[in-house]
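Kindly produce the complete structure, drawing on both the sequences and the hints.
Protein chains: 4
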Amino acid sequence: MGVIIINFKAYREGSGKQALKLAEIVEEVSSKVDDYIAVAPNFLDIPEIVSKFNVDVFAQHVDAVTFGSHTSRITAEVLKEKGAKGSLINHSERRLRLADIDFLVSKFKELSLTSVVCTNNVATTAAASALSPDYVAIEPPELIGSGIPVSKAEPEIVENSVKAAKDVNKEVMVLCGAGISKHEDYITALDLGADGVLLASGIVKAEDQKKALEELVGLR
Amino acid sequence: MGVIIINFKAYREGSGKQALKLAEIVEEVSSKVDDYIAVAPNFLDIPEIVSKFNVDVFAQHVDAVTFGSHTSRITAEVLKEKGAKGSLINHSERRLRLADIDFLVSKFKELSLTSVVCTNNVATTAAASALSPDYVAIEPPELIGSGIPVSKAEPEIVENSVKAAKDVNKEVMVLCGAGISKHEDYITALDLGADGVLLASGIVKAEDQKKALEELVGLR
Amino acid sequence: MGVIIINFKAYREGSGKQALKLAEIVEEVSSKVDDYIAVAPNFLDIPEIVSKFNVDVFAQHVDAVTFGSHTSRITAEVLKEKGAKGSLINHSERRLRLADIDFLVSKFKELSLTSVVCTNNVATTAAASALSPDYVAIEPPELIGSGIPVSKAEPEIVENSVKAAKDVNKEVMVLCGAGISKHEDYITALDLGADGVLLASGIVKAEDQKKALEELVGLR
Amino acid sequence: MGVIIINFKAYREGSGKQALKLAEIVEEVSSKVDDYIAVAPNFLDIPEIVSKFNVDVFAQHVDAVTFGSHTSRITAEVLKEKGAKGSLINHSERRLRLADIDFLVSKFKELSLTSVVCTNNVATTAAASALSPDYVAIEPPELIGSGIPVSKAEPEIVENSVKAAKDVNKEVMVLCGAGISKHEDYITALDLGADGVLLASGIVKAEDQKKALEELVGLR
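Just so you know, the protein sequences line up as chains A, B, C and D, in that order.
Okay, so the first sequence: first residue is 1 according to the working numbering, each after it adds one.
Okay, so the second sequence: first residue is 1001 according to the working numbering, each after it adds one.
Okay, so the third sequence: first residue is 2001 according to the working numbering, each after it adds one.
Okay, so the fourth sequence: first residue is 3001 according to the working numbering, each after it adds one.
I should point out that these hints are in silico values taken from the structure, not numbers from a laboratory.
We treat Cβ as the ideally placed atom computed from N, Cα and C, and that holds for glycine.
Hints are not guaranteed to be accurate.
[As the list claims (entries may be wrong)] Which stretches of chain A does chain B cover? Using the computed rule of at least three CB atoms under 8 Å from a CB of chain B, they are:
(1) 11-19
(2) 44-52
(3) 77-90
Listed below in structure tokens is the structure:
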């Protein structure tokens, strides 16, 4: 089956106590399926989720700096020490400069952290793939939070992104995102060649988060 | 006596296990003096320091957003829930837009968080004071990390900042920073009218952090 | 009468040949009234408007740098050399860091350029006023481009901004903006204590720009 | 022979009257050699240089926006209307987000403007090349302004960048930059496979700009 990364964003329903509750749901559902399900909470919630739950934890962003005089910045080294698995990089709500994406992807390799570089179209997916991250995650910005699944609305963008990414670097895995919440859309994404999905509101803002996640992975 | 806030920045010596060790030192030294000593570690180290040590914890920055679709951003609400006392705002290494400083100062008041707005000269100190934060912290950028104490090199900037801040809003407390590490410089800052100091490398990068802090507060 | 500054933004109707046409309209209307009417086109259109029309030209932004290795940045010195009168600073679509606003206001004084610092509420108006610019221009962001005039929708924000600005520095002149296009709203702004208005879409995107400007100043 | 683009940056020696003087030198030297020599002055100097001199003019940056409510932003459309040939994109002193580089490269194609995307190493050169700009210009940041020519100090970075760029897209032309000022270094760059060079201080800050440019192209 596929890869599922849930971005908690700065949603109230994915912050603080709610982040812990959602991480617990992910742990439980995860134990019943073969899919790999990871969570991406905000920095402040990462340590407690890492220590309490058996689930891989990603950051939503890391800063392109090394240790030093950089007030407020989060280094990949500390993220690693805190037990995170990796991080999203260049999310559409936190776009990075090309040189910084490259810096982070290289550093993640050294530290054995998993890099998930977000992109917005076929051309930027090819460009990101040239940097050899572990994953690229293509999310057409106009569909983010829309409830319209990219795998249904723009299947060709998924197929072409997979092709573009693998043409440049066949090791890179490809996620797709934006608007995905139903099992059918998830399966369609896999059928189109994606290795998995990146999602947020479909689960985090669902009235019943557990039910939403069970539906996504086909348990209901 | 005075207020001392120690900014751990992204220094290796103030990150991860080293952050915990330094927080423990602060707790211990703090118990022996009347000065108020608080720490400002990176986001990932905040929760563990809050739960393990009897010391007030500040963030180094908070984002000017409310709950929502803001990947990677840290809200004041979550910071509060995690037990932090407040945050630095507009540090010279993370300057903010004027409208965002105002947004954060207002929000901190609602949430009973302590706001420490950093400034770089007399004019910006007056401007920040007009927003009515709890503290303004004046740090001439050219002296940050220089080892040259602002209270000795530019006493008039401390005096004039205190005057400018209190002229605009007499409730605002004033810290000064940049280059301070010795007891004498700290006392001079208080004599010049400051309510305390904001410092970083003088303690965090000291060969013996405990000794450095004890010297700062006059225990040696 | 009052001060009117027209921000051409990056509107198609205020760019290139259209910028020249609009500047000509401003020159013509300006000659018939006692109001001071200035234009703020994009950088590329500034030199030609300065050389062809008898109208004061402001930039929409200047960078907080001095001459040096700053690719793409525009210095106040070059702006001055090109014949501009001054610049907007900190417009809501180009918010600046507090330290940079202060840097620019100081530099404008040295160069005898006119500084117009934009703000978003009463508190930031007081803060900006503490930096002693020539003008502060208060524009509630929620009304920008709304067609709802700030002088009618939130008269108290205009009055309170004028009071807050003058309390801090009685030399500072106050403009208000957002949603203003009719003569009545302009006059109301002046009656509320403002020295003038900053506007954009009301004139630039009007079907008949000349008619719109004539109406604004009461010629129709 | 090769391509030479001279970035005037915000250097005093390449601003205002000095920009005009330098553009005139470029026009004159250019007429004596087969090399293609273009200039990249700041926005305010572009219109006058375009109208007065027979030399191709590039901007140092363009904003990733279309016409609209974007105070201070420069659109590619206006740049085109003003007679510029193209623009640098993503210079190390004005790094852009990956999605914005892609936006600009696509837009430049539609408008028949020439895109020169700056990069900092082999990996980002490959990534930029995947976006199919007209040129990529590789400049190792540590050598910019150093006086140490990249073609001598790091010949392999030039060769590998050329190879990486052409592997991804064989149509893309490759410039190299950083530290180049002598004819020998320019020729070495061409020998290493580059199509030309991007330079700045070597010419703009030379004591005798004309002599420096003549030396670069081998006229002395």
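Against the structure, the hints:
Using a Cβ-Cβ cut-off of 8 Å, 5 residues of the segment 11-19 of chain A lie near chain B, which meets the minimum of three, so the contact claim holds. Counting residues of the segment 44-52 of chain A whose C-beta sits closer than 8 Å to any C-beta of chain B gives 5, which meets the bar of three, so the coverage hint holds. A stretch counts as covered by a chain when three or more of its residues have a beta carbon under 8 Å from one of that chain; for the segment 77-90 of chain A and chain B the count is 6, and the coverage holds.
Violated hints: none; the structure is consistent with every hint.
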